[in-house]
Every structure is written in structure tokens, then in C-alpha cells.
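Enquirer: Protein sequences, first through last, are from chains A and B. Numbering of the first sequence is given in the working numbering, commencing with residue 1 and proceeding in unit increments. Numbering of the second sequence is given in the working numbering, commencing with residue 1 and proceeding in unit increments.
Hints are supplied without guarantee of correctness; some may be wrong.
[Stated by the list, open to error] Going by beta-carbon spacing under 10 Å, a handful of chain A positions derived as facing chain B:
id, residue
1, 27
2, 34
3, 41
[To be verified] Taking lysine-lysine and the DSSO-like style, the derived pairs with C-alpha atoms no more than 27 Å apart in a straight line are:
id, chain 1, residue 1, chain 2, residue 2
4, B, 42, A, 77
5, B, 83, A, 68
6, A, 56, A, 68
7, B, 42, A, 56
[Unchecked claim] Reference listing, derived: stretches of chain B covered by chain A, where coverage requires no fewer than 3 residues with Cβ under 8 Å from a Cβ of chain A:
id, stretch
8, 21-29
9, 43-50
10, 105-114
In short, the hints are calculated from the structure, not lab data. Backbone N, C-alpha and C fix where the C-beta goes; we use that ideal spot for every residue, glycine too.
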Amino acid sequence: GDSVTQMEGPVTLSEEAFLTINCTYTATGYPSLFWYVQYPGEGLQLLLKATKADDKGSNKGFEATYRKETTSFHLEKGSVQVSDSAVYFCALSDSASKIIFGSGTRLSIRP
Amino acid sequence: EPEVTQTPSHQVTQMGQEVILRCVPISNHLYFYWYRQILGQKVEFLVSFYNNEISEKSEIFDDQFSVERPDGSNFTLKIRSTKLEDSAMYFCASSVTTEVGTQYFGPGTRLLVL
């Protein structure tokens, strides 16, 4: 079945460092791809999405490009801030009902 | 901004006991979902619910689980006889439509079965 694999954490970076969190997927169809973020004590929030190949999703300085040839959707940010500390989930959906998530990557940013 | 709320935030129960996890979806939302995340593992879809019926359920959602919208505002997940392996974080979500990526998630209930 469809699945998502993302890099294990925790990832610890200094403020203003460049961030990449790798995500690859397996799907039989043409899913939409997402990154969700969970800040401490809060629910999962949609960070960005891409619905077809070569689309780039972006939000709050984060970007990810839907790469069909490498089945990847890596999350990047050029300069991270302490406030970006959270757990990041890569996900896909090709159904109106359900989202398939990766296991999450905990990101900690040092001042 | 409207949000999905869940109660309790933490619950500890004995194996074999029944638990009910509660969610209050966003008020104009029509579609409701439960997901769970066992510690260190992936967030997994359990069930979706629309118009007082289950729309889709996963293999995890067996006869021990049930969902209900008892009063038009709450959306509950009941586990009839909890097992140790039911220990997990349970997330509720809701959406206005079924458009992909429009689900709003609650903060989760952490369930520990002893």
C-alpha cells in the first residue's frame, strides 16, 4: 500500500542554519503531498502542500517540491528560527477520507 | 481562529477497561476523523465519519472501536476493552469538505493502558 518514509530525528540546528528534512513516498496513483507541523501542545497544522508533479509548496519560508521521478518531497528552509522548533510530518493523500503520514521528525533550533 | 479541541489531554486506564475519547470539531465542519500515533511510529488513519455514518475505516478499527456523534457537537471514539497496544496518541480531525489537505487536527489525547 501507499507509504511515506522520512528521516529520523531528532534534528538539532543552530539559528539561521539551512534545513533539509528528507521525505520519500510510495504510491500506486498520483497522490497529493503535504508537510504538517506540530508545535508543542498543539494539533497537527498543514504547513504546505503540492498536488501534482513539479509543484512547489511554500509557506513561512519553508518549501518542498513534488518530485515524481525520485518520489520525494523534501522540506527545506534557508534560515531557521528558534520558533521553528516542532515535529514535522510528511504525508500523502489520494483519498478524500484519509491521510497517510510519515513517522515525524523532531526539529530543535538552538539560539 | 476556530480549532478542534480534545479531552482529556491524558488518560491512564487499566487493560480491559472501556475508554471514551472526546473531540469537539469546528462547528461548521461535516467530516470527522480519528488517527492515532503509537510512540515512535507513524500517525495512522483509523476512521472517517460523515452524515452519522462511517465513511471509511482502516484495518486497525476493529470491533473494539466505535465512533459516535451523540449530540451534534461532540465526536467520540470508544475503545470497549483496552489492550496494552492501544497505548498511543489519538488525534481527532474535522473538515468542511473532502478536499485533500483541508483537515484540521486537534492537539491529541495521550492514552496509556497499564
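Enquirer: Which of the listed hints are broken here?
Expert: 1, 5 and 8
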